[in-house]
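Enquirer: Please build the complex by placing chain B on the supplied structure of chain A, with the hints as guidance.
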Amino acid sequence: MDFLSPLQDPNVRWVIIAVSLICTSASVVGCFTFLRKRALIGDAIAHAILPGICLAFMIAQTKNPLILLVGAFVSGWLGVLLIDLIVERSKLKTDAALGLVLSVFYGIGILLLTIIQSSGNAAQSGLDKFLFGKAAAMDQQDVVVFTIFSAILLIIVIALFNTFKLISFDRDFALVKGFPVRKLEFLLSVLTVLAIAIGIQAVGVVLMAAFLITPAAAARYWTNKLGIMVILAVLFSVASGLLGTYVSYEIPRMPTGPWIVTVLTLFTFVSVMLGRRKGVLYNILQRQRNERKMLRENILKCLYHLGEDDGRFGQMRSFDEIQQKRAFEQANLLKGLKKLKRRKLVKLYNQQAGLTEKGIEAGARITRIHRLWELYLTQYMQLPADHVHEDAEAIEHIITPELEQELESQLAYPLVDPHDRPITYNPNQNG
Amino acid sequence: MDDFWIILTGALVASSCALLGCFLLLRKMTMVGDAISHAVLPGIVLAYLVAQTRASLPMLIGAALFGVLTTVLIEVLHKNGKLQVDAAIGVSFTWLFAIGVILITFFADKVDLDQECVLYGEIAYVPLDVWISNNGSNLGPISVWLMGANLLIVLAFVLIGYKGLLITSFDPMLAATVGISTAFWHYALMSAVSLTTVLSFESVGAILVVAFLIGPAATAYLLTENLRKMLFIAVGAGIVAAVGGYLLAVAVDGSIAGAMAACIGLEFMLAFLFAPQGGLLTAKQSFSKKDKQVVDLDFH
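Sequences listed follow chains A and B, in order.
Numbering-wise (numbering that gives the first Met the number 0), the first sequence opens with residue 0 and increments by one.
Numbering-wise (numbering that gives the first Met the number 0), the second sequence opens with residue 0 and increments by one.
It should be emphasised that the hints constitute simulated quantities derived from the structure, not laboratory data.
All C-beta atoms, glycine included, are put in the ideal place defined by N, C-alpha and C.
Do not take every clue at face value.
[Said to hold, decoys possible] When the alpha-carbon atoms are kept at most 25 Å apart in a straight line, the in silico BS3-like pairs for lysine-lysine are as follows:
1) B:78 with A:36
2) A:92 with B:78
3) A:277 with B:78
4) A:62 with A:92
5) A:340 with A:357
6) B:228 with A:92
7) A:334 with A:292
[Unchecked claim] For the chain A half of the interface with chain B, some residues (derived, Cβ under 7 Å), not all of them:
8) 91
9) 92
10) 109
Chain A on its own, in the form it takes in the complex (with noise of 0.2 Å):
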């Protein structure tokens, strides 16, 4: 297989592990820092890292990725630390605090960077390179440091998994139960520091945050659940990776972490739009599905009302005969029959309809149903009879059963609504 060819390269295999791991440890942490509503400081942690980069290597005189990262730890905490500082001592709301922290960070970071370079140490080459990330030029060494310090973070995730979930999701729960949530919090900000200081040499300061929001905001449109959120963004992310690195490697001098990231926002986008809890599209196809049910229950209620009126309630009636009672267009109103019919609602043939038995049935519900909450309106909302048919127009049709029974025994099963019509309960139900 041409496209596995690359595997037999080793700096290919490792350059492939240790993206995988960076975008796994940077995913997981980012879901815990998106839902916390925190999706930014990701940026300003990446940003904040550098002086500690660069301190380090100053001290050290090293460019060992254990020394740096220990200073990168270092400096990105502080800024951590600073921000919640000035947050919770000042005026200042947290964006502006971010904002502070990473430009006067990264500032600082830039001149100790100016200062390693003018004093002519030789080792200081590519040192820069911590800015824009060297994903493609990772060695073995790179990759021990990584893998130890991930499994590290995901150890950590996977153990205290369900106490993250409770502060992320219920902070104020979490405090009256008794949870020690800032020493928590804090080690969620410990863990958002290693993540992105175990990153930022393969992908560099800027794209870092892109790491970290971007899998977790496309996971959050398939699911409601954590764990499944998660794993959908470590999926996203790590096949994102995969993706980037072998772009860059088969398109030469391209850059393996704007790759990533790009590969990232497609699946976001797609996300957004397709995606299954509030996608675009699929409210849209909801609002449809809604307005095609309506249609047919308003046909339904239809039928149920000419019955009402002649007491013929399975009589087959002319198209004509129904427009006049409720002015349907005809397209609809031949659309929502014919799915009644292959739902056996209704019988239909020589432009006439009828409701079956179980027909009759469903439409004594939504009539039922209207005219209960009309009741209701007028009697607990104090509003007028001729005021509460839209309302009910409206809700009548997500009402759902459980509903339906609390309205009957509020209202102690009354038998006419506030316009005198009958309200008839189905013999099959108690009550």
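Expert: Just chain B, lined up with the frame of chain A:
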């Protein structure tokens, strides 16, 4: 003389940014400034490819287009996509920045740009690029003229728009009831930020723009409650940081932009610790952290 031009450029950028930064801060939108300053990168590269020149006008247009595109993308993800706003900002600007880096590498042989120069800028080169008039006289660095013009535009914007900006920043509800368009002032402010960011780019780089946008405004915000005073203090703090940063950079032989950002941080720290009201070390602590928690608990 070079020193003078560099400090003057820094001071001009600082003043424009400080004025706009105050309004960004009050609207809790400072991170949008950060996002714009990164997201205009592809606009600059594309403009460069199309116009084949580093002249400022094409770049300005390209970057301004992408500045607006960023704010629109954020709005669409947030409003239509129902993505929380901070995530919408993060997703948008990192993506556009990534596109910019890819474009630079893709056209590396045609584009005389690199991401480093865009991100840090090099204010030290300001005196080298001078405007020579037709009869051969030296009119000073181009950057000084550009940043001077930008400052005039920003000043005019703030003076003319003062009321609109004030009301829409502090009380959007009131603005809506008296018929002042929040959206108009939002996009007007964003355009001014885009313009300033892009013009400042070449001379001082993206990061220093962000530092100038946020730092002086945040410092001033800690020192006063009055918007007029806040604007003056912010401009003052920006200029002092520009001068102090230059001196620091010369003393340690390092990046001027970096040193200016460091001075901005120092100023903020001083205000944070010693502000007459609310300073960490000066004010009486009305609420310690523990009290706050008790209050929170009582409230629930």
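Enquirer: Give me the numbers of the hints this structure contradicts, sorted from smallest to largest.
Expert: Hint 4 is the one this structure does not satisfy, whereas the remaining hints hold.
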